[in-house]
Amino acid sequence: MRYEMGLYNKPFQSIQLGKKVYEVRLYDRKRQLIKQNDEIVFTNLTTAETMAVKVTEIKRYESFKAMYEQIDKKLFDCEELSIKEMLESTYGIYTKEQEKEWGTVAIGVEVIK
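Each residue of the sequence shown is one higher than the last, beginning at -10 in my numbering.
Accuracy of the hints is not assured; some may be wrong.
Unchecked claim - The list that follows gives simulated cross-link-like pairs (lysine to aspartate or glutamate, EDC-like), each with its CA atoms no further than 16 Å apart:
#1 Lys73 - Glu58
#2 Lys48 - Glu74
#3 Lys48 - Asp17
#4 Lys54 - Glu99
#5 Lys24 - Glu69
#6 Lys8 - Asp66
#7 Lys(-1) - Glu38
#8 Lys54 - Glu86
#9 Lys24 - Glu74
#10 Lys43 - Glu28
#11 Lys54 - Glu74
#12 Lys8 - Glu68
#13 Lys102 - Glu51
#14 Lys48 - Asp61
#15 Lys62 - Glu77
#16 Lys43 - Glu77
#17 Lys85 - Glu38
#18 Lys48 - Glu86
#19 Lys102 - Glu38
#20 Lys(-1) - Asp66
#21 Lys19 - Glu(-7)
#22 Lys43 - Glu86
#23 Lys(-1) - Glu68
#24 Lys24 - Glu38
#25 Lys(-1) - Glu69
#26 Lys89 - Asp17
#27 Lys48 - Glu88
#28 Lys73 - Glu90
Claimed, not checked - Across the chosen pairs, the derived CB separations fall in these ranges:
#29 Ser71 - Met(-10): 30 to 38 Å
#30 Leu6 - Glu28: 16 to 24 Å
#31 Lys102 - Gly81: 14 to 22 Å
#32 Ser71 - Arg(-9): 34 to 42 Å
#33 Ile72 - Ala37: 27 to 35 Å
#34 Lys89 - Thr39: 27 to 35 Å
#35 Ile101 - Thr36: 26 to 34 Å
#36 Gly7 - Thr36: 12 to 20 Å
#37 Arg(-9) - Arg49: 19 to 27 Å
#38 Lys(-1) - Ser52: 21 to 29 Å
#39 Tyr(-8) - Ser71: 25 to 33 Å
#40 Arg(-9) - Ile72: 18 to 26 Å
In case anyone wonders, no lab produced these hints; they're calculated from the structure. The C-beta atom is built at its ideal place from N, Cα and C for all residues, glycine as well.
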């Protein structure tokens, strides 16, 4: 299957450069459909540039905190941030209520050349 998602400029560039290998999302209805080997086309919300990636892995977590404690920050391209800073950034996009309702997912991605 093929899915479409928007991404802010920084994470878009980071995935494109191969630095970020996990995309962080709520495990909502749309994300529950995504499986390993599916394709996601990300659209850069700043430039409208698109990029196709292959889903390499799906990792579910109850919370963003649990996810950030389990996965090496380098794989999110967030080595310089503390877990607290990563959570603050994430909660600028998603609410704690959404997190509690849906849970979270780390989607392993690899750019399709």
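Status of each hint after checking the structure:
For the proposed pair Lys73 and Glu58, the alpha carbon gap of about 11 Å is at most 16 Å, so the pair holds. Between the alpha carbons of Lys48 and Glu74 the distance comes to roughly 21 Å, so the proposed pair goes past 16 Å and is violated. A C-alpha spacing of about 13 Å is found between Lys48 and Asp17, which places the hinted pair at or below 16 Å, so the restraint holds. A hinted pair counts as satisfied when its Cα atoms are at most 16 Å apart, and Lys54 with Glu99 does not qualify at roughly 24 Å.
The suggested pairing of Lys24 with Glu69 is violated, with an alpha-carbon distance near 30 Å, which exceeds 16 Å. Restraint check for Lys8 and Asp66: satisfied, since their Cα atoms lie roughly 6 Å apart, inside the 16 Å limit. Simply put, Lys(-1) and Glu38 have alpha-carbon atoms about 13 Å apart, close enough for the 16 Å limit, and the pair holds. With a C-alpha separation of about 14 Å, the suggested pairing of Lys54 with Glu86 holds against the 16 Å cut-off.
For the proposed pair Lys24 and Glu74, the alpha carbon gap of about 29 Å is over 16 Å, so the pair is violated. Annotation: proposed proximity of Lys43 to Glu28 holds, straight-line Cα distance about 5 Å (limit 16 Å). About 11 Å separates the Cα atoms of Lys54 and Glu74, which keeps this hinted pair within 16 Å; it holds. Note on Lys8 and Glu68: the hinted pairing holds, with a Cα-Cα distance of about 11 Å set against a maximum of 16 Å.
Annotation: proposed proximity of Lys102 to Glu51 is violated, straight-line Cα distance about 33 Å (limit 16 Å). The hinted pair formed by Lys48 and Asp61 meets the criterion: a straight-line CA distance of about 13 Å does not exceed 16 Å. Between Lys62 and Glu77 the alpha-carbon distance is near 15 Å, which keeps this suggested pair within the 16 Å criterion. A threshold of 16 Å between alpha carbons decides the hint, and for Lys43 with Glu77 the separation of about 28 Å lies outside it, so the pair is violated.
This hinted pair does not check out: Lys85 and Glu38 have alpha carbons roughly 30 Å apart, beyond 16 Å. Between the alpha carbons of Lys48 and Glu86 the distance comes to roughly 20 Å, so the proposed pair goes past 16 Å and is violated. Straight-line distance between C-alpha atoms of Lys102 and Glu38 comes to about 15 Å, which keeps the hinted pair within the 16 Å bound. Only pairs whose Cα atoms come within 16 Å are accepted, and Lys(-1) paired with Asp66 is accepted, the gap being roughly 10 Å.
Taking the CA atoms of Lys19 and Glu(-7), the gap is near 10 Å; set against the 16 Å cutoff, the hint holds. Under the criterion of a C-alpha separation no larger than 16 Å, the hint pairing Lys43 with Glu86 is inconsistent with the structure, at around 30 Å. About 14 Å separates the Cα atoms of Lys(-1) and Glu68, which keeps this hinted pair within 16 Å; it holds. Between the alpha carbons of Lys24 and Glu38 the distance comes to roughly 24 Å, so the proposed pair goes past 16 Å and is violated.
The straight-line distance between the Cα atoms of Lys(-1) and Glu69 is roughly 15 Å, inside the 16 Å bound, and the hint therefore holds. Among the hinted pairs, Lys89 with Asp17 is consistent with the structure: their alpha-carbon atoms are about 11 Å apart, no more than 16 Å. For the suggested pair Lys48 and Glu88, the alpha carbons sit about 15 Å apart, so the restraint of at most 16 Å is met. Pair hint Lys73 plus Glu90 does not hold up; C-alpha atoms about 21 Å apart against a cutoff of 16 Å.
Evaluation of the 30 to 38 Å hint for Ser71 and Met(-10) yields a pass: the beta carbon distance comes to about 36 Å. Against the hinted window of 16 to 24 Å, the Cβ-Cβ separation of Leu6 and Glu28 comes to about 19 Å, which satisfies the hint. Distance hint for Lys102 and Gly81: a CB-CB separation of about 32 Å, inconsistent with the stated range 14 to 22 Å. With their beta carbons about 36 Å apart, Ser71 and Arg(-9) fall inside the hinted range of 34 to 42 Å.
Separated by about 32 Å at the C-beta atoms, Ile72 and Ala37 satisfy the suggested range of 27 to 35 Å. Range check, Lys89 to Thr39: Cβ separation about 32 Å, and the 27 to 35 Å hint holds. A hinted range of 26 to 34 Å for the beta carbons of Ile101 and Thr36 is inconsistent with their spacing of about 19 Å. Checking the proposed 12 to 20 Å range against Gly7 and Thr36 shows it holds: the Cβ atoms sit about 19 Å from each other.
Range check, Arg(-9) to Arg49: about 21 Å between beta-carbon atoms, so the 19 to 27 Å window is met. Distance hint check for Lys(-1) and Ser52: the Cβ-Cβ separation is about 23 Å, which falls inside the suggested range of 21 to 29 Å. Look at Tyr(-8) against Ser71: about 31 Å separates their beta carbons, and that is inside 25 to 33 Å. Taken as a hint, the range 18 to 26 Å is violated for the pair Arg(-9) and Ile72, whose Cβ atoms sit roughly 33 Å apart.
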